[in-house]
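S.K.: Sequence order for the protein chains is A and B. Position 385 of the first sequence, counted from 1, bears residue number 384 in my numbering, the numbering being contiguous throughout. Position 171 of the second sequence, counted from 1, bears residue number 161 in my numbering, the numbering being contiguous throughout.
Since the hints were derived computationally from the structure, they do not count as laboratory data. Wrong hints could be hidden among the right ones.
[Claimed, not checked] BS3-like, lysine-lysine: derived pairs with alpha carbons at most 27 Å apart:
id, chain 1, residue 1, chain 2, residue 2
1, A, Lys79, B, Lys127
2, B, Lys94, A, Lys64
3, A, Lys230, A, Lys257
4, A, Lys541, A, Lys5
5, B, Lys116, A, Lys465
6, B, Lys102, A, Lys908
[Said to hold, decoys possible] Partial pick of chain B residues on the chain A-facing surface, computed with a CB cut under 8 Å:
id, residue
7, Asp111
8, Asn118
9, Asp119
10, Asp148
11, Cys149
12, Gln179
Backbone N, C-alpha and C fix where the C-beta goes; we use that ideal spot for every residue, glycine too.
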Amino acid sequence: MSDLIKQYYMSYEDHACDQECSVSDLPPAEEVAKTSDVTRRSFLKTTGFSFAALMTACSKTPVQKAIPFLIQPEEVLPGKATWYASTSFACEAGCSVHVKNRDGRPIKLEGNPHHPITQGGLCSQCQASLLELYDSTRLFDPVLYRQSSTWDAVDSHVVKELRKIKGKEKEIVLLTGTVSSPSLNFAIKKFKKKFKTVSHVQMDEISYGAILDAHKQNYGKRILPKYRFDKADLIVSIDADFLGSWVSPIQFTKDFRKNRDLNAKHISKLIQVESRMSITGGKADERIALSPSEMVLFVKDLDAFIRGKKGSNAKAKELAKALKHHQGKSLVVSGINDINVQLLINRINHTLRNVGRTLDIQKPSKQFAGSDSDVQSLFQKMKNGSVGALLVADVNPIYALPNGIEFGSAMDSLDLTVSFSDKNNETTEHCKVIAPQLHGLESWNDSEQVSGLLSMTQPVIHPFGKNRSIRKSISSWSGIQTDERDLVRNYWKKIFQSRVKSGKTFARFWNELVHDGFAKISPEKLNLTTFQNRKPNLSTSKIDGLELVLFSSSQLGNGRHAENPWLQELPDPITKVTWDNTASLSPKTAEKYNLKKGDIIQVKSNGSSMDLPVLLQPGQRNNTIAIALGYGRKGTERFHEVGPDWLEKKSTVAKGETVGTNASPFISETNGFQYSGMVATISKVGESYDLAMTQTYHTLSNPENTSPAIMPVRPFVQETTFEEYKKDPSSGKHHGHPVTTMWKDDHPYDGHHWGMAFDLSACTGCSSCIIGCQVENNVPVVGKDEVHRKRDMAWLRLDRYYSGEGEDIDVSFQAMMCQHCDNAPCEPVCPVLATVHSSEGLNQQVYNRCVGTRFCANNCPYKVRRFNWFEYAREDVMENMVLNPDVTVRSRGVMEKCSMCVQRIQEAKFEAKRLGIPLKDGNIKLACEQSCPADAITFGDLNDPESRISKINKDERHYHVLEDLNVLPTVGYLTQVKNRDKSDQTSGGHHG
Amino acid sequence: MDKLLNKQFSTIIGIMIVVAVIISFKNSSFHIPGNQEDYQPTQPIAFSHQLHAGEMEIACQYCHFGAEDSKHAGIPPANVCMNCHKFVNNTFNETRRADLENRKPVFSKEIKKIYASLGLDLDGIKVNDEIPTEWVKVHNVPDFVFFSHKPHITAGVDCAKCHGDVQTMTQVKQVEDLSMGWCLDCHRQEHDSIQSATGRTAYLQDCASCHY
């Protein structure tokens, strides 16, 4: 059993250090000394505060007012949630969602399980985007020359200017993100008709232009294929983080999971070729670390071998053999935004006869349509004066383009610049007019993300301000005065006959569309040519120095959500860094340049330079630097104030500074926008920097000198291969030797006994469960300094373990939350009985009893309890609307932890009781379970033999973490199974 | 010796003071913080439960219709008031007197407030903006308690069990102290509804029944 010897570690620093620097949860001694430094001023402040606190405690109970509706809408009942179907607006993927609405305000977004493409589950960005609705810094009025204005004034100004520009025969450019809304496209068409010189340029902040352009060359149309990861048995991904941030991660995770059913004869195999460590790389069955320039050569060789030609790379040869073996059932994708690479990928998929099987080009995705060359030529035209007006919607070109600052000065010289953003950002600063858009939850919208499937967005709250959608704005400028709903509805009424084949009346079609959130329509006919072979023009120069890899992280993406504190505090799934982007280097490269974690280096590339803190990333290719995009956004200066205010507070960012650094200037503009492969140089600037990382503490591991002989290494992660699993389903499992218990088995659970299971094999590490939990349970944001002080408040954390050495690293994810132990060690140590067991097996935390001794947290072997060191709640009337009214907002001095969403359990019980029907398995879905796109979390009643959880509990893969302690957790885990099948290829000694 | 006596004497005096304080607390209207028993605030509209629920025998859930399916019983929206007060706008006595005196009955001062809140004039024609009525909430539980009317109505708990004989009150008053001990007086009893056809769904003494 080599698996038992396999060592799992949480951070490279701990793994690499010798005995002297052993793992310690304690802060360094000098830090302790520093914190006990009380000055006269701070003493007076403290006493003053205590006195004030005492006086408030004595005040009279406040009078509470209740204001009922005057005329109550029929479907709204105060205190009862209403659900509406809608479509996500957080990114271009456009997942179908259900919006939970309580007392007229949306408080939670959940994936729509009925949607055929996105199939439920929701990413962290979309769930967190809810908070942006309640952002008090949004613009609620149109702005004309930096003055708050009215729509009448703005409309007449814009129309006057547009007419003038049209008269001068100058171009009016509408620069938007990808427009997948048919009705918006129609409005743009009308706009074009009215002001003849209009042109529409689509731009994606993270570009997929090369894929589209390659398809134009090969098949005659700019399309983005619909990838079918569920149909592929062998997936080769070349730098495409499709489970984390590439194209449509939720849809791909759902699809990928379908072909990983361990009861099937075969499961798919994922081979990831990449430079940095992505979550797709972590999930991969086999990972090949290559630098960007090596990767291009690798694709070239792969293509050559597949077509029976010669190449030089041995690994590519093996891979080609395996791919040929899986002809028609394989899929090769690449995230490299270089048309030459994409032409090769298309040729590979064509040769392997995958087109039409594992990727659909007849009914393609419409999620991305941006064109790099259009954006570049727009910039040229702006500089040479042929553009008169620029209208910018949904994108932030000044932030996202490598030459953003020059783009800004080119904008200044235009006659009319309009932004549709509802927030001040880099681009609005250069705009003469701001016509703020509605938030996605306030507006009507439609979209066709995948050809043949229409998704619907309906408003779920009355707009906070006077904003209007871009559809409404450009329609009124073209002289069409229709209200928001009818702009969408009338369009569908018009084309209903031609695109909907159902025999339903329009009214019925529309009502069902709004109710369900989606409808099938007939796809537009594409006249694709047969495959036209094009010879790619690859530069095959080998780079000797350092190569840069820019990527969009799964939490911040392209930076659109940078002002969202939930996402800023969400640890990166792999690096576990919060509130910062870093320059990741492989440990070997760092050693070469004599760098360690937290050193600040100056990175120079593409004529720009910036200072970034160093992070050592195991598994990363040597001689590469990986930097996340999406940071350094203007507006993040506001986080200077985030977190509790106390005597020794350190701000998350210094006054006037942004969170992280914008790496966009590094994007290279040769052949479209290149995100990787740029040559870079680094030099140490010398300062040391505190990175706020979550996994440097709350570790479950025990120091070697204190560990019992039976368990030298605690087997948190238990792992096997698919081959082994087929022979013995319990393979890879560590068989615990429970110590004897002091407890009598005297608390039977005669009603329900709630339990939960987490499948390590399914989890991709996307972290959407963490945000799901945060939104549902009112978990506060604490700020960077508090995370650094090991006081983050997340009820659910996702432990990431590395195993292996050098570039050959495996990653395992393990969600860790309260295990609701039957023999809970936290319970007997509480002096006030604030944590006790319920009759249904839940470990309850009673906030109003808790006096804050923190004994329970000390005694918890899983380190899942969180203490409220401060009053985190703030008086922000608008932001606080996001709070879940069913869950207490905890006050200072009490302990809290996962409650197993007891409010959801109670609600389901009340409803079952009212209807007089028994609770069914699946009636209760926990927030984390609901948000998981990989279906890794299962919750249910252990007393019900037919429930999913009971069946999982009997599964051979089922185990408990720290089983030997005999605390009898009700949360179980399923072993991780990786597909290391070598039967159809003889890959050279990868992975031990 | 003197010292010892002194000590005994002061102990006795101390105990007497404590007892006196407890007795005076018990007998006064002063409660420990959070206990709002006998709370009887003045409401913006002098609505009488005695008249509506008592004399007119209107069922509780006619107005407080949220109780069955929601956490909140709810204060009725003005449109519910208008179901009757569209037609009834003064007392029975006034109608009779006006009839005898052959004049139009005087519009009740309090009912005028409902019309005003909806922005209506006395003929029911919309003339002004709507101004919602700010009622004073009488029965409050602390923020760390989850209370929902729904399971209590399902279990068949009588409204009066917690709210007292509202049908006799012209101005609503809190008659119970709504303390946890008082909740548990009921929750400790075995109810028929706990063991029902749907299986055991409620453990009424679990902390997490109310605290989460």
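S.K.: Run every hint past the structure and note whether it holds.
M.R.: Consistency of the hints with the structure:
1. Restraint check for Lys79(A) and Lys127(B): satisfied, since their Cα atoms lie roughly 19 Å apart, inside the 27 Å limit.
2. Between Lys94(B) and Lys64(A) the CA atoms are separated by roughly 36 Å; this puts the pair beyond 27 Å, and the hint is violated.
3. The suggested pairing of Lys230(A) with Lys257(A) holds, with an alpha-carbon distance near 9 Å, which does not exceed 27 Å.
4. With a C-alpha separation of about 36 Å, the suggested pairing of Lys541(A) with Lys5(A) is violated against the 27 Å cut-off.
5. Proposed proximity of Lys116(B) and Lys465(A) is supported: the alpha carbons are some 25 Å apart, at most 27 Å.
6. The suggested pairing of Lys102(B) with Lys908(A) is violated, with an alpha-carbon distance near 43 Å, which exceeds 27 Å.
7. Interface restraint check: Asp111(B) against chain A, minimum CB-CB distance 16 Å, threshold 8 Å, status violated.
8. The closest approach between the C-beta of Asn118(B) and any C-beta of chain A is roughly 12 Å, which is over the 8 Å cut-off, so the hint fails.
9. A distance limit of 8 Å between C-beta atoms decides the matter here; for Asp119(B) the minimum to chain A is near 11 Å, and the interface restraint is violated.
10. Hint status for Asp148(B) relative to chain A: violated, with the closest Cβ pair at about 17 Å, above 8 Å.
11. Checking Cys149(B) against chain A by beta carbon gives a least distance of about 17 Å; that is not within 8 Å, so the hint is violated.
12. With a cut of 8 Å, the hint placing Gln179(B) at the interface with chain A is violated, because the nearest CB-to-CB distance is about 16 Å.
In terms of the numbered hints stated before, the structure departs from hints 2, 4, 6, 7, 8, 9, 10, 11 and 12, listed from lowest to highest.
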